[in-house]
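*Asks:* One-letter residues, chain by chain:
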Amino acid sequence: MNNRLKVLRAERDWSQAHLAELLGVSRQTVNALETGRYDPSLPLAFKIARIFEQPIESIFSED
Amino acid sequence: MAKGLWKILALSLAGILAIMVLVVIGAAAAVLASERGLVQKDAALLAVVATMAVLMMALSLWLGVAWMVRIDEAAREAHKAAWFYGGSGGLAVGGVFIILASTPSAARLTLPAWFDGRTDPAAYAATGAVGLMALMLIGYGVVWGWWWLARR
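In order, the protein sequence lines correspond to chains P and H.
The first sequence begins at 1 in full-length UniProt numbering and counts up by one.
The second sequence begins at 1 in full-length UniProt numbering and counts up by one.
In silico DSS-like cross-links for lysine-lysine, where the CA-CA straight-line distance does not exceed 27 Å:
#: 1; chain 1: H; residue 1: LYS80; chain 2: H; residue 2: LYS7
#: 2; chain 1: H; residue 1: LYS80; chain 2: P; residue 2: LYS47
#: 3; chain 1: P; residue 1: LYS47; chain 2: H; residue 2: LYS7
Honestly, the hints are just simulated from the structure, not real lab data.
Keep in mind the model is a prediction, meaning the values are calculated, not measured.
Between the sequences and the hints, there should be enough to build the whole structure, so can you do that?
*Replies:* What follows is the structure, encoded as structure tokens:
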């Protein structure tokens, strides 16, 4: 699964650590999400969508 | 470190200290009781060690569960993968040795005593159990490390 997490985070000038704090996960998890090597659970995906104020489908897309 | 994990560590240390104090008190009571002939020394030792073992394992299990529910989902997935693939891999390696132990040539093996220098059946059983645990833990560590390295 692809995602725009890195772009969205960069647009807001947030560090991975800051996003991790907002999401309640570790920085390593944010990194794994951004590289597309870890797909989040639905609850985490919804949380990400809420934080970036965008629908899930505009952040995550199928390969 | 995720929120709440420091609290678990602190509580665990307190728990370990409490167990140690209980063991010392229990051992002292057992020694006194056996010296006065109230109980046999071996029975008293068994009671103290059994209590300590149950408390330690209960604390370990609680620590593991408390840790698991507080870490984030990716970290949890890493542990699940490590438990299944690493633990199963370790079991598979151990299984080879278990099958080999059934052969006639294994009966002629002279194995070193790794358990407190003892060579009785209980010591060998414990050695085997510790060996299997070690293999599973090695597998666990390898897969856990691989899981995170693959997601960097």
